[in-house]
Amino acid sequence: MTTSKKTYREAVKEALAQEMRRDATVVQIGEDLRGGHAGTNPELESKKIEAFGGVLGVTKGLWGEFGSDRVIDTPITESAIVGMAAGAALTGLRPVAELMFMDFFGVCYDALYNQAAKFRYMFGGKARTPMVLRGMIGAGFSAAAQHSQSPYHVFASVPGLKVVAPSNAYDAKGLLIQAVRDDDPVVFCEHKTLYDTAAEVPDEPYTIPFGVANYTRQGTDVTVVALSAMVNAANDAADKLAAEGISVEVVDPRTVSPLDEEGILESVAATGRVVIVDESAARCGFGHDVAALIATKALDSLRAPIELVTPPHTPVPFSPVLEKAWLPDAARIETAVRKLVTA
Amino acid sequence: MTTSKKTYREAVKEALAQEMRRDATVVQIGEDLRGGHAGTNPELESKKIEAFGGVLGVTKGLWGEFGSDRVIDTPITESAIVGMAAGAALTGLRPVAELMFMDFFGVCYDALYNQAAKFRYMFGGKARTPMVLRGMIGAGFSAAAQHSQSPYHVFASVPGLKVVAPSNAYDAKGLLIQAVRDDDPVVFCEHKTLYDTAAEVPDEPYTIPFGVANYTRQGTDVTVVALSAMVNAANDAADKLAAEGISVEVVDPRTVSPLDEEGILESVAATGRVVIVDESAARCGFGHDVAALIATKALDSLRAPIELVTPPHTPVPFSPVLEKAWLPDAARIETAVRKLVTA
Amino acid sequence: MTLNKHALLGAYRKMSRIRAFEDRLHEENATGDIPGFIHLYSGQEAIAVGVCENLRDTDHIGSTHRGHGHCIAKGCDIHGMMAEIFGKEDGLCHGKGGSMHIADLSVGMLGANAIVGGAPSLAIGAALSSKTLGTHGVAVSFTGDGGSNQGTTFEAMNMAVVLKLPIVFVIENNGYGEATGTDYAVGAPDIAARAAAFGMPAAKVDGTDFFAVYETAREAVERARAGGGPTTIEARANRFYGHFEGDAQLYRTPEQVAELRRTQDPLVIFRDKVDRRKVSAKELDEIDEESRALVDDAVTRARAAAYPPIDHLLTDVYVSY
Amino acid sequence: MTLNKHALLGAYRKMSRIRAFEDRLHEENATGDIPGFIHLYSGQEAIAVGVCENLRDTDHIGSTHRGHGHCIAKGCDIHGMMAEIFGKEDGLCHGKGGSMHIADLSVGMLGANAIVGGAPSLAIGAALSSKTLGTHGVAVSFTGDGGSNQGTTFEAMNMAVVLKLPIVFVIENNGYGEATGTDYAVGAPDIAARAAAFGMPAAKVDGTDFFAVYETAREAVERARAGGGPTTIEARANRFYGHFEGDAQLYRTPEQVAELRRTQDPLVIFRDKVDRRKVSAKELDEIDEESRALVDDAVTRARAAAYPPIDHLLTDVYVSY
Ligand SMILES: Cc1ncc(C[n+]2csc(CCOP(=O)(O)OP(=O)(O)O)c2C)c(N)n1
Ligand SMILES: Cc1ncc(C[n+]2csc(CCOP(=O)(O)OP(=O)(O)O)c2C)c(N)n1
Ligand SMILES: [Mg+2]
Ligand SMILES: [Mg+2]
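Protein chains in written order, with this note's numbering: chain A, 1 to 343; chain B, 344 to 686; chain C, 687 to 1007; chain D, 1008 to 1328.
Treat the hints with care, since some could be wrong.
As a list, the in silico SDA-like pairs of lysine to any residue whose alpha-carbon atoms are at most 25 Å apart [unchecked claim]:
1) C:LYS890 / C:LYS959
2) A:LYS126 / C:ASP997
3) B:LYS390 / C:ALA944
4) A:LYS48 / C:THR818
5) A:LYS47 / D:ALA1265
6) B:LYS390 / C:GLN935
7) B:LYS667 / C:ILE996
8) C:LYS691 / C:ALA979
Keep in mind that the hints were calculated from the coordinates and are not lab data. Keep in mind it's a predicted model, so treat the numbers as computed, not measured.
Please work from the sequences and hints to get the whole structure.
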């Protein structure tokens, strides 16, 4: 299998394109996935120009290859987007809907959590809803309080939803292909600060199973559980601490739901010390979920209290100085690790 | 101060009525709070008949006293209800909006979590949003998957929201009056199975501060943290276990956010064993939040792993036999407690 | 109107079954043995049946909390429905859904829906599937007058127009959303006109008259099937029972309800309007008898049926934590 | 048209300030020193100003992601706005909000809003306050053509009609929602007609013509203030820059934009239409000068201003965990 250096953005796009080639029932639905419908530029249709290709260019190229029937630009109408995707998934398509910023789930959450997520159970196992909802998460772009959130913990608390948050280009491609092929609704969270990060990524399609954590650093003193963009911060901290002689293991669960409980517990059992880094929330977030897992199932292996590194319980501030202080970073992780090993 | 026996339903209604009498800026907004607007029954207006008074009779009587300008029946339009309440709160009113079933937050969540909750911070402290969002939570009524949920964990994860879930009539009245007087948006969760439970409740208005837990049972062997309807299950379990010689302390935080961290940690420090009972979610729920609190701040006092009693990670099933198995009950709490004391 | 005898009897049979089903549920509910909330469809039969008689098994419908009529009209099994409403393992959803979530994808029924305004966007999804897969299928979204005020409904309408989807939005105007009058809650008196302003043909029809509904729906379904895009139909009828079982109906008087039952009963109106050369009163009486017997059997079997085994709590969901 | 000289100069001053503010931001953004996303209002000045010149300080407006023009029209301080956009402590929101969340309740500005369709329901809330408290205040909701497709917008319209709220819904139709044409995304060609179907007066107006907007808005605001309920105004104008700064604008050609700037500039049109006996070109030129100087000063001060102290991260929220 050949590989090449690809950005996270390219990896996502390649996954979508390859699945669309493989399976004619895969369609994309969202706002400005292409951009330029109607409007007035005479060259657009004839030259197959995309005016946008997604607001950050992720879907650029798909419309040219697959056309308006499979790359469906919509009005600004998220509840119809998600509801339509759910209904289409029930009836033969595999829609990939895009929410642009995941923060927008507030205008359309019913279609996701009360409808799509529940069909299979509520209908006694007689329905399947193979849809993916893609969207951007995360702070770091000065996009302010309504465009910087990471609500994957909210989605993960819903039975019936699968929730994915890849930290690198390789995982992004493999997990997205898996998501498209999955028969349950999957929420796929793309961290906006990761789009330009690159990795060696196979050119052919491949899948990464859900619920399998990735150990991005191996170590013996402290386990750091981190997800999405926080994995990079954790890796940086681990590398820095390694130089100081502290051996850190970084566990990236990759999927919030299902969660690789064993993958986390095994590492904690070995190190006895754990830092959980999480961007989602200071209360009732994903970090708390992992902490509860450990406190209920591996308490005896803990040699020190769990350290939880999250943003403060405030909205995301706009000003870059405040936003930087808001976002967990390598320095805070290092402090937490040092506290544990010296405790 | 005189008291009288009142149901939870009556306590809620009395809180609303007394606050409306005290403060002319308090208004009620929701669907069928009165019921009967327009329609065709000629007696309605002349005799001040309410056709509904809320779907379970909670607001019955308010319209007769305060009229249509302060008890505002709306179309079925939750995003306009919550958004209108938020805008009204910014501009001089103290609206109490009703969502009927909290499960409906999916159609209107943006107005709550991206707007009302964020104004104060996002506007640099220059705004206040004194609104209350009331609604029913909870399973046990065979109301099925879309009318039985308890999403207070979702609300509590939002900075800027206060979240209340009273377990008895006394708390319901005092906390609701507090909520109406509060200058931040408050989500007030009424468990539908509690409406007919009664307690001695003062007739005069009174407030209960947010963030102060109530010890409904005092004990020395095991701490049980429980909220809303789960408090009754916990109390039942405690009484039963007392007969067996196991001394259980039941801590009812009453408000999910802010949370009385000290009130919980103090009890855990004393008993060293904790069962957390929570109806919200099997993943990323309120129970996990409490477990994380203990595992990060009181690990050393723990003599055994934390026990978490939640529903399974499934939607709420309709059939009564399945719903009963879904809902945590006294028996499951007893099992968890026994496991801890014999560990 | 080109319905032959077979079609006329078939249509009446469905209306008759709905009526028998709902009237019986009204009684069964009084025994206290039916869990949860139920919302009865009696009085609106001509709408569900008038529309669905134009549909194929492979067409799809989205429904509401008041869904029994839509289920029966679209061909759901009466026994499976009754067992579901009683919460039994034999139910169409094995007891996991209940009255507000009855679904049967094998006949194109996408589910009753306990969220007002939930169905329209799901239904346009089914329409998108038809369009994309080229199946020439049509989707129908049933929504109440109350639900016609939800933003989700308007968004689905606009999307359907933009994508020219094969869908019919049926707005069942029964005069009330719970206890609130349509004349209060719908700012403009005309729901169809509101839909028309979204850029699609919209018609108003007497929803107590099967023949009128059938004709109007036929045109809309044909247009959709031929690629002509969406239509809205506002159908006016009445519900004969309360909003849910247990509703004291203070918003109308018993005399008003009696008058409605007397003058606006879709089954009676069918009998009045049907061509007597094709269909005799006796044949219709027999159908009514047969409906009651069928429902009676369904109740007996549903009551006798087993509840789901407890371990089914954890099935039908991808993973149990 | 009864505007006196003072009012005419006042209106032009606001349009001129908006233009100077946005043109300068376009340049400042190119330096890379402005954090986050900005959306410029140039080309639509006559809408914000034509509407807001009818409002009092105690009236309220809800706004959009493209909010600078609304802020200035409603009287927000230019220095406070600029500092906010640069993320500084002196900003109207002390740097916590940014371009998409500028608010100043003291002048009735309820906030720019980064959620498309966010403002309409907030604005009806302000209208409800006026009605309930008897202040005779009026609320205005600004929404784009794209935002006019959101269900939240429709729900607010219906609620406003039902409760007869003192509100004006202004739909700014600039032909695009991001890169998608209005003629694609709005199923029916006529946004005003859609609003009218909700049961309120609705007007279309040339949004490049201050005088036309002012007159139309005056009528609507007077009706609202007198208790006559809501109105919708669809105002057609163009944005001269991309959707956000950084947009390559492939959906239209540079020639098309140049043509728009030449023929549909609200400031030029104002100059053409204003009564020259009351207002001279020189006076308007002076205002433009003054606007540029003001904005220049605002940039200088904003750049020099301090960022918020880190410990402000935890203020302005009820409690820090
Ligand atoms: C989103 C949402 N809001 C409110 C309700 C509560 N509710 C259930 S049925 C109903 C009335 C619906 O009225 P209509 O759409 O006219 O249907 P009908 O009951 O008349 O058949 C309401 C308000 C709900 N289930 N979902
Ligand atoms: C709920 C929501 N959906 C999508 C977006 C992304 N978005 C921001 S501005 C915009 C276009 C808005 O178009 P329009 O309402 O016409 O306003 P304009 O930009 O033309 O002023 C979109 C889609 C958003 N901010 N919020
Ligand atoms: Mg109705
Ligand atoms: Mg626009």
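Need the list of violated hint numbers for this structure, in ascending order. none
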